[in-house]
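Q: These are the residues of each chain, in order.
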Amino acid sequence: MAKSNEPIWWSLFSAGGMVAAMVLPILIVITGILVPFGLAGEDPLNFERIHSAVSQKDSVKLVLFIVITLPFFHWAHRFRFTLVDVGLKSVSTLISVLCYGGAIAGTIISVVIFWNI
Amino acid sequence: MSVYHRPVSNTWWLKRKPYILFMIRELTSVFVAGYCLFLLVLVYKLTQGADAYGNFMVALKLPSSVALHLISLTFVLYHTITWFNLTPKILVLYRGEERIHQGLVAGTFYAVWAVISFMVVWLVLGV
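Chains A and B, in that order, are what the protein sequence lines are. Everything in the first sequence is counted per the numbering used here, starting at 1 for the first residue and increasing by one. Everything in the second sequence is counted per the numbering used here, starting at 1 for the first residue and increasing by one.
Among the hints, erroneous ones may be present.
With the Cβ distance kept under 8 Å, some of the chain A side facing chain B (calculated, not the full set) [to be verified]:
{"hint": "1", "residue": "15"}
{"hint": "2", "residue": "17"}
{"hint": "3", "residue": "75"}
What the hints contain is simulated information worked out from the structure, not anything from laboratory work. Treat the numbers as computed from the prediction; the structure is a model and nothing was measured. We put the CB at the ideal spot given by N, CA and C, even for glycine.
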């Protein structure tokens, strides 16, 4: 059997799917409902607090980096097969390159942003 | 010799309800990635100083932002539920000889989800 890099993408897909499932709903509730409607007190996400939390602790940086980047690979893997499923099978290689490439690009941009904080 | 492939219409997934639900599940990934891009922009604004970050946070109050968040929340919740219900079918765990019941695995995911959600509220909002 030919060697395949599919297990790598599948592992990143699963890890990203699990992170997204566990953490994103509550984050969306926070930035989309609790904070804009003032249900979590006076400006809980103010610059000083969040900036110092993210810039001073490597553990916070690492967790946030993982939460942001792993789901990119979850998207890449799912979206790739979705596009093939709706009839783009003839350009499936290009789709793979664009999807996984997009996730890798997002990760590199994230590294740069987190590096500069 | 070439293999014959029966042509499949590109709208096959509109023909049955389970197919439509499958496609919705796959499309949740767009909202997952979209929200992560939003988080990345938020971190980027942090690097740009208090004013840039402050303006970004004020924009969260716009009706368009709230609406996008609510739409995203719907799709991401659908991802969470389908993910927790599906993963135990793939993740086969044994205790000794006996396979751990799928419902127990899924139930554990939901319990962990609840704990993590409380922890995130506590850590992020400081309440």
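Q: If any of the earlier hints don't hold here, list their numbers in rising order.
A: 1
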